[in-house]
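Asks: Each chain, written out:
2 protein chains.
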Amino acid sequence: MPQLSQQSYIAGRWVSPTGPEFTAQNPVTKAMLATYASCQETEAEQAMQAAATAATVYRSKTKDEIALFLNTIADQIEELGSTLLEICNEECGLGLPRLTGERGRTTGQLRAFAELVSEGNWVQASIDTAQPKREPLAKPDLRKMLRPLGPVVVFGASNFPFAFGTIGGDTASALAAGNPVVVKGHPSQPATNELFAHAIDKAIAKNGMPAGVFSLLQGNTIELGTALVQHPNTQAVGFTGSLKGGRAIMDVAAARPSPIPVFAEMGSINPVFIASDALATQGSTIVENLADSVCMGTGQFCTSPGVVITVKGTDFANALSKILTDKPRGVVLNKRIGESLQSGLQALASHAEVSWLSDVNIVNEDVFSPPNAVFATSAQAFINDPSLQEEVFGPATLVVDCDNANQMAAVAKSLSGNLTATVHATEKDVDQAAELFNVLEQKAGRVIMNGFPTGVEVCPSQHHGGPYPAGSQASATSVGSDAIVRFARFVSYQNLPDALLPSALQNSNPDTLMRKLNGRFNTEVIS
Amino acid sequence: MPQLSQQSYIAGRWVSPTGPEFTAQNPVTKAMLATYASCQETEAEQAMQAAATAATVYRSKTKDEIALFLNTIADQIEELGSTLLEICNEECGLGLPRLTGERGRTTGQLRAFAELVSEGNWVQASIDTAQPKREPLAKPDLRKMLRPLGPVVVFGASNFPFAFGTIGGDTASALAAGNPVVVKGHPSQPATNELFAHAIDKAIAKNGMPAGVFSLLQGNTIELGTALVQHPNTQAVGFTGSLKGGRAIMDVAAARPSPIPVFAEMGSINPVFIASDALATQGSTIVENLADSVCMGTGQFCTSPGVVITVKGTDFANALSKILTDKPRGVVLNKRIGESLQSGLQALASHAEVSWLSDVNIVNEDVFSPPNAVFATSAQAFINDPSLQEEVFGPATLVVDCDNANQMAAVAKSLSGNLTATVHATEKDVDQAAELFNVLEQKAGRVIMNGFPTGVEVCPSQHHGGPYPAGSQASATSVGSDAIVRFARFVSYQNLPDALLPSALQNSNPDTLMRKLNGRFNTEVIS
Numbered sequence: 234m235p236q237l238s239q240q241s242y243i244a245g246r247w248v249s250p251t252g253p254e255f256t257a258q259n260p261v262t263k264a265m266l267a268t269y270a271s272c273q274e275t276e277a278e279q280a281m282q283a284a285a286t287a288a289t290v291y292r293s294k295t296k297d298e299i300a301l302f303l304n305t306i307a308d309q310i311e312e313l314g315s316t317l318l319e320i321c322n323e324e325c326g327l328g329l330p331r332l333t334g335e336r337g338r339t340t341g342q343l344r345a346f347a348e349l350v351s352e353g354n355w356v357q358a359s360i361d362t363a364q365p366k367r368e369p370l371a372k373p374d375l376r377k378m379l380r381p382l383g384p385v386v387v388f389g390a391s392n393f394p395f396a397f398g399t400i401g402g403d404t405a406s407a408l409a410a411g412n413p414v415v416v417k418g419h420p421s422q423p424a425t426n427e428l429f430a431h432a433i434d435k436a437i438a439k440n441g442m443p444a445g446v447f448s449l450l451q452g453n454t455i456e457l458g459t460a461l462v463q464h465p466n467t468q469a470v471g472f473t474g475s476l477k478g479g480r481a482i483m484d485v486a487a488a489r490p491s492p493i494p495v496f497a498e499m500g501s502i503n504p505v506f507i508a509s510d511a512l513a514t515q516g517s518t519i520v521e522n523l524a525d526s527v528c529m530g531t532g533q534f535c536t537s538p539g540v541v542i543t544v545k546g547t548d549f550a551n552a553l554s555k556i557l558t559d560k561p562r563g564v565v566l567n568k569r570i571g572e573s574l575q576s577g578l579q580a581l582a583s584h585a586e587v588s589w590l591s592d593v594n595i596v597n598e599d600v601f602s603p604p605n606a607v608f609a610t611s612a613q614a615f616i617n618d619p620s621l622q623e624e625v626f627g628p629a630t631l632v633v634d635c636d637n638a639n640q641m642a643a644v645a646k647s648l649s650g651n652l653t654a655t656v657h658a659t660e661k662d663v664d665q666a667a668e669l670f671n672v673l674e675q676k677a678g679r680v681i682m683n684g685f686p687t688g689v690e691v692c693p694s695q696h697h698g699g700p701y702p703a704g705s706q707a708s709a710t711s712v713g714s715d716a717i718v719r720f721a722r723f724v725s726y727q728n729l730p731d732a733l734l735p736s737a738l739q740n741s742n743p744d745t746l747m748r749k750l751n752g753r754f755n756t757e758v759i760s
Numbered sequence: 234m235p236q237l238s239q240q241s242y243i244a245g246r247w248v249s250p251t252g253p254e255f256t257a258q259n260p261v262t263k264a265m266l267a268t269y270a271s272c273q274e275t276e277a278e279q280a281m282q283a284a285a286t287a288a289t290v291y292r293s294k295t296k297d298e299i300a301l302f303l304n305t306i307a308d309q310i311e312e313l314g315s316t317l318l319e320i321c322n323e324e325c326g327l328g329l330p331r332l333t334g335e336r337g338r339t340t341g342q343l344r345a346f347a348e349l350v351s352e353g354n355w356v357q358a359s360i361d362t363a364q365p366k367r368e369p370l371a372k373p374d375l376r377k378m379l380r381p382l383g384p385v386v387v388f389g390a391s392n393f394p395f396a397f398g399t400i401g402g403d404t405a406s407a408l409a410a411g412n413p414v415v416v417k418g419h420p421s422q423p424a425t426n427e428l429f430a431h432a433i434d435k436a437i438a439k440n441g442m443p444a445g446v447f448s449l450l451q452g453n454t455i456e457l458g459t460a461l462v463q464h465p466n467t468q469a470v471g472f473t474g475s476l477k478g479g480r481a482i483m484d485v486a487a488a489r490p491s492p493i494p495v496f497a498e499m500g501s502i503n504p505v506f507i508a509s510d511a512l513a514t515q516g517s518t519i520v521e522n523l524a525d526s527v528c529m530g531t532g533q534f535c536t537s538p539g540v541v542i543t544v545k546g547t548d549f550a551n552a553l554s555k556i557l558t559d560k561p562r563g564v565v566l567n568k569r570i571g572e573s574l575q576s577g578l579q580a581l582a583s584h585a586e587v588s589w590l591s592d593v594n595i596v597n598e599d600v601f602s603p604p605n606a607v608f609a610t611s612a613q614a615f616i617n618d619p620s621l622q623e624e625v626f627g628p629a630t631l632v633v634d635c636d637n638a639n640q641m642a643a644v645a646k647s648l649s650g651n652l653t654a655t656v657h658a659t660e661k662d663v664d665q666a667a668e669l670f671n672v673l674e675q676k677a678g679r680v681i682m683n684g685f686p687t688g689v690e691v692c693p694s695q696h697h698g699g700p701y702p703a704g705s706q707a708s709a710t711s712v713g714s715d716a717i718v719r720f721a722r723f724v725s726y727q728n729l730p731d732a733l734l735p736s737a738l739q740n741s742n743p744d745t746l747m748r749k750l751n752g753r754f755n756t757e758v759i760s
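Taken in order, these protein sequences are the chains called G and V. Going by the numbering used here, the letters in the first sequence line up with residues 234 to 760, in that order. Going by the numbering used here, the letters in the second sequence line up with residues 234 to 760, in that order.
Some hints here could point you the wrong way.
Unchecked claim - Chain V is nowhere near these chain G residues, computed Cβ spacing over 10 Å in every case:
id, residue
1, Ser238
2, Thr268
3, Gln273
4, Glu312
5, Leu313
6, Gly314
7, Gly328
8, Gly383
9, Ser576
10, His584
11, Val587
12, Arg679
Stated by the list, open to error - Listed next, with one range per pair, are the computed distances between beta-carbon atoms:
id, chain 1, residue 1, chain 2, residue 2, range
13, V, Gln579, G, Glu572, 21 to 31 Å
14, G, Pro253, V, Ser583, 48 to 58 Å
15, V, Asp510, G, Ile455, 51 to 61 Å
16, G, Pro730, V, Ala582, 32 to 42 Å
17, V, Glu312, G, Thr295, 27 to 37 Å
18, V, Val663, G, Glu274, 34 to 44 Å
19, G, Asn551, V, Ala438, 48 to 58 Å
20, G, Pro490, V, Pro730, 42 to 52 Å
Said to hold, decoys possible - What the simulated footprint calls covered on chain G by chain V, stretch by stretch (three residues with Cβ under 8 Å from a Cβ of chain V suffice, anywhere in the stretch; the number is not a length):
id, segment
21, 358-367
22, 551-561
23, 690-696
Quick caveat, the hints were computed from the structure, so don't treat them as lab data. A virtual CB, placed ideally from N, CA and C, is assigned to each residue, including glycine.
Isolated chain G (complex conformation) (with noise of 0.2 Å):
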């Protein structure tokens, strides 16, 4: 097992930055944990330096190259063992079932990344021949791939410390797309943060990759994040945290000399259609999940269920306010997010439109443990005022009661972007679901019957990511396969010999890759 230093990690080299000392608090036992300090631009400049000479080099890996250097990652990870899962659970409270589950996410994550890599399609092939006779010009020789960017920074989040963490699924596709990567640590996991950093270093020697490829930089400060987003080498940024983090960033880069693309998953809260006849034929077992879904880690998913719109909304919100007082409180990840969910809670408990059906009273109670929390109000109001569809992060929702199935209709066109849109309904209720459905396709990055948002299938069709505020860019996913494309770009090769092509492009298709050739998908070999 590594020794924790309570360092930084650049580029092969552990460091001790002189910023600001922050301190990781357990949520459970209160506990103080392992001081660590800030990194500053010194550290961010290395780090950007050392990832702009490591991105040549890295970028002409081959494919099994970096497929084997992921899983690599993956076997470290597991070395770790539980000392990872115990280190992680002090720092997050999120206890060992999860985060054992949330390893083997972690892990699988990278290994699928691999397979994605070795196999090879990501890139995109696409070879159009020349027709050095045709008339009046001559068509050249064209051949296009995706190819990586450059140097990539990513921050960590705090709910999934695994998943989205130093070596979740943003750092994973953009290092499997073939960039170096610099990870801004959440704070709240510095010691979570430092054991990958170990994992990942033995990765890198045992595949002579080169040191710059990643760095950790662990820190609490605003300037460091905003250093790393500046500094001219950072080709892209990876984000998934809060809108108002997001929006900083965002704004930082698209104000730099040369703005870059953000990434940013942000908040949401993915509203939960149940049409009349599921609610009246399936409302008790509905109740009951998505009770479930609610509180399901402390509501601290970005897919947590934070509206419900339904007819006969006030029923179905004491129904659920009366399962959820029952359900004990969980525990959150830090005091910020502690706090800033009871504010969040407190906002709508004042709010003239909004009623709070839970009989509790939130003033001095312990920030760590809030209440499961439901509130109602009307279609009239929820439409009228932008800031109840503001994202509560935590266990609570709000019930949207609708006159009838117009009204339900006109809540769906009021929505701004959404990860996520949900109906329930019957065959009875097809129609209806067909009609929110198709507005709902226009608000959220992925629409469900008869589920819940929260689980979220690491796969090829998924897609995690919507509208702002959703996400930073519609289009990206940060979730499945698909996260890799983000972190790479389109580059046209026109008349290059055959030996200075990718292999992904030369005439012996030697990947056996499936290539649009000539415009038509085939595994075809160019004579």
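Position chain V against the provided structure of chain G, taking the given hints into account.
Replies: Only chain V this time, still in chain G's reference frame:
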């Protein structure tokens, strides 16, 4: 032939805006042409409201309905006959042969997008079937495809009055993807814009398309463009033009309450590297062809070669200058471009490290008819001064004189983003070419061997875009079939019954698409 009315076209109505008037000028005869009035916020509001209303209808059209619409527009453009060519030639002076070719490219683009849409694979359908018995959790059915973004604003360009004008590649690809389009017509060619609107108007009527699917707002004010980009209904922007204009639009879009993507294709200097053996053995051919590329279209192509890098660069520059001085001068599109070019030439001419190899005094010259200009500088001066990488739009090129191959590589590394980068090399130069391409593919959207950047083939493997400042989104292409994906985003459908899915995702694969089914490409039916 439609009567020209000097109006704008909003969702099927011809309107007379009351904003500032502007008058196009024939750049050859200098005659002032018809006067148009600028649309203002009122018209922007009307067009964007109509576009939003049309969006829900138009996105539900079948792929064959959209394909037919695009083909009908192409037919209607041809129906405009020689009037279109003559009117446009008055406004742009590009000449009838060039405009005839460009009309063919424009109708060809429309028909190519029609074929692409009709074939259907552009939606990138992906299906992961359910595994209800999977442990520990059932796997849902997930299906994903590209869906339209919603209303798109397109800024017409002046240098391709047809191919990137009112119904050029941006408009065609946005319509093909299923989005309504509002065009801000380029103020240099209002009559041409108006003719296209008549053609589209007829195609809308013939195909029963919703009126708001297309609007043309004539205007020459910054306020009109800003109002369109800021309008909450606008979901994306397409732009071809100057870096200054493109960046202004990017900044407005990024500052919106809800930021939207901007696909701007902006300036580029399109470096051409000539390796030693190529220079020695093919120098005279290269210099002749390069001179043609520099002068083509009076240098008013975004792929015009603005920088040439070689050893013995000064000798090469003198030879190039001799040829270019002997070539007839061209005519630029409008006074603004001529004035901007003149000040660009003056800036280079007065640069301490740059010499102008032509014996020309541009003061008091006709701004419409610029000299074909060759400048020379040293590699070190080029590397030291980023201002020498600013595009001079017109028939001008800067020869960078290097001491050796290492210095050529250093120049390559110093480059910012470009649309293209070219290397001329023989078999003896192949190692140097490989080294240069390794760097240049990190700087450009298209790399070219032994060719010239002008002449952008329209085909699936074309990538016409590049890192900033060449493009706002390096992975986006504005030429070729993949231009369509800019105006669509992925939506996942979870557990939706077959009847509620788009046809591309239905079990029976009614469109016979090549789909990614459980991670593998095939055209299978799901039983």
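Asks: Which of the listed hints are not met by the structure?
Replies: Hint check: 8, 12, 13, 17 and 22 fail, others pass.
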